[in-house]
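**Q** Sequence:
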Amino acid sequence: MEKKEFYLEVLHVDKNCGARYGILHTPHGDVEVPCFMPVGTLATVKTLSPEEIKSIGSGIILANTYHLHLRPGEDIVEKAGGVHKFMNYDGPMLTDSGGFQVFSLAEKRKIKEEGVTFKSHLNGDEIFFSPEIVIGIEEKIGADIIMSFDECIPYPATYEYAKDSTLRTLRWAQRGKEAHKTSQALFGIVQGGEFSDLRKMCAEELVKMDFDGYSIGGTSIGEPKDVCFKMIDMAIPYLPFDKPRYLMGVGSLDYILEGIGKGIDMMDCVLPTRIARHGTVMTHNGRVNIKNAKFKEDFTTLDSECDCYTCKNFTKAYLRHLYVAEEALGQRLLSIHNLRFLISIVEGAREAIKEDRFLEYKDEILKKYGDLRGF
RNA sequence: GGAGGGGUAGCGAAGAGGCUAAACGCGGUUGACUGUAAAUCAAUUCCUUCGGGUUCGGCAGUUCGAAUCUGCCCCCCUCCA
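Each residue of the first sequence is one higher than the last, beginning at 2 in the working numbering.
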């Protein structure tokens with residue numbers, strides 16, 4: 002990556018709430034925000050080709066540092082010419098740092114000041130991740146945006162635990178920033194658990210370090226909805242207006258809309274792709290489990306209001322057949338639908354923000370798809 | 001014709017007198033999934049008015065008690081003629 006060409010252009014803020022519309026400029030193209038980012042942990046949005054990823058209107062996707070380090074290894078990705086060339090995807094990309102794996106693989110790691118020692122979930126190998134090492138791996142992978150190494154604090158956590166962890170995450174952020182050599186955009190991650198003073202402190206300290214963007218982490222890990230929403234409120238006031246704000250691990254329809262209303266620009270979640278692979282889809286008629294026997298002879302489309310490839314071409318009976326027969330196409334078609342469904346809702350949100358009617362839009366969507374809440 | 005082996009829930013397959021409405025797998029049904037250890041996991045799967053009722057090829061026995069023991073019958077498989 003040559004010259005720095007990463008910045009957020011905020012074009013409009015809804016007059017009635019914090020929601021904002023803008024363009025995120027990256028070396029691999031512009032992304033309209035707010036946006037939802039499909040998760041492609043192993044340099045693939047599971048079951049989808051790069052063409053399909055683009056066809057669902059996705060502006061940016063993520064991959065994961067921990068998982069790509071384990072296989073194929075960042076050196077191979079680098080030799081391939083970077084992750085974009087490796088996976089033949091030329092759109093904007095972001096790599097998560099492995100901070101989430103500090104949480105999700107808690108039984109297989111030890112945290113120390115220097116960094117985290119993991120026992121590989123694949124073969125038990127010892128893997129050491131320090132903030133500097135993580136940045137080095139992310140530089141080799143070569144995404145447009147890279148994340149600082151952090152600890153995603155579990156919920157619930159005591160104040161003492163959250164404080165110690167957050168202070169360490171801040172030290173790691175500083176160390177990672179100092180180690181960072183490329184022009185890739187580097188984001189800091191606001192932790193602090195559910196404690197407002199810690200969230201505030203963390204946000205303020207990160208802003209002092211001057212990152213290219215800021216994430217709100219430690220969300221969507223099993224905490225009640227109102228706690229998650231408060232965590233967003235605790236950080237947003239301290240984040241700079243002109244830098245992108247990324248709410249990590251969110252998610253479902255209601256969380257996404259709530260985040261957007263509070264001024265979040267980017268979100269990601271495995272939910273739409275995971276539940277699709279497990280047979281569940283979000284539709285304009287509510288939640289549908291394609292496995293259900295009632296769809297055996299249902300020759301109507303999945304969602305008549307959806308413009309995705311799946312809904313334009315296939316019936317529920319066929320999708321159910323594919324799923325039940327464990328044909329890979331079934332999971333792929335359902336993944337296409339779920340991502341397109343969610344992304345089209347976010348597209349609608351962007352249009353609404355431009356016209357200062359985001360709050361009405363949000364109410365309308367939540368009222369219409371009320372039973373999609375809590376996904 | 002002779003010699004063996006076997007028939008257990010939708011299917012496959014354990015069980016060899018009470019702890020067995022019957023392990024386990026598949027299939028069926030339902031549900032969960034939030035910076036992906038996840039094409040994974042969980043529940044349920046004889047009938048029931050939830051009191052109970054009826055089951056392990058069939059019938060008849062032995063026993064306080066039988067899928068399990070005995071007799072006869074029916075069916076399937078393998079080998080030999």
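If you are wondering where the hints come from, they were derived from the structure by calculation, not from laboratory data. Don't take each hint at face value.
EDC-like mimics (lysine to aspartate or glutamate), calculated; alpha carbons at most 16 Å apart, straight line [to be verified]: (1) LYS113 with ASP165; (2) LYS244 with ASP211; (3) LYS47 with GLU328; (4) LYS263 with GLU327; (5) LYS244 with ASP31; (6) LYS263 with ASP243; (7) LYS226 with ASP255; (8) LYS244 with ASP213; (9) LYS209 with GLU179; (10) LYS263 with GLU179; (11) LYS178 with ASP211; (12) LYS182 with GLU205; (13) LYS178 with GLU133; (14) LYS263 with ASP126; (15) LYS16 with ASP227; (16) LYS292 with GLU328; (17) LYS244 with GLU6; (18) LYS164 with GLU114; (19) LYS55 with GLU348; (20) LYS111 with ASP126; (21) LYS263 with ASP227; (22) LYS113 with ASP91; (23) LYS292 with GLU327; (24) LYS178 with ASP198; (25) LYS55 with ASP308; (26) LYS182 with ASP227; (27) LYS231 with ASP255; (28) LYS164 with ASP198; (29) LYS369 with GLU306; (30) LYS244 with GLU33; (31) LYS111 with ASP165; (32) LYS164 with GLU206; (33) LYS201 with ASP234; (34) LYS263 with ASP234; (35) LYS164 with ASP126; (36) LYS141 with ASP198.
Quick list of simulated restraints, FRET-style, between CB atoms [to be verified]: (37) ARG358 with GLU10: 18 to 26 Å; (38) LYS16 with ASP165: 37 to 45 Å; (39) LYS292 with LEU106: 23 to 31 Å; (40) ASP165 with THR45: 44 to 52 Å.
Quantities reported herein were computed from a predicted structural model and do not represent experimental measurements. No residue lacks a Cβ here, since even glycine has one placed at the ideal position from N, Cα and C.
**Q** Okay, which hints does this one fail, numbers in order?
**A** 4, 10, 12, 14, 15, 22, 24, 26, 35, 36 and 40
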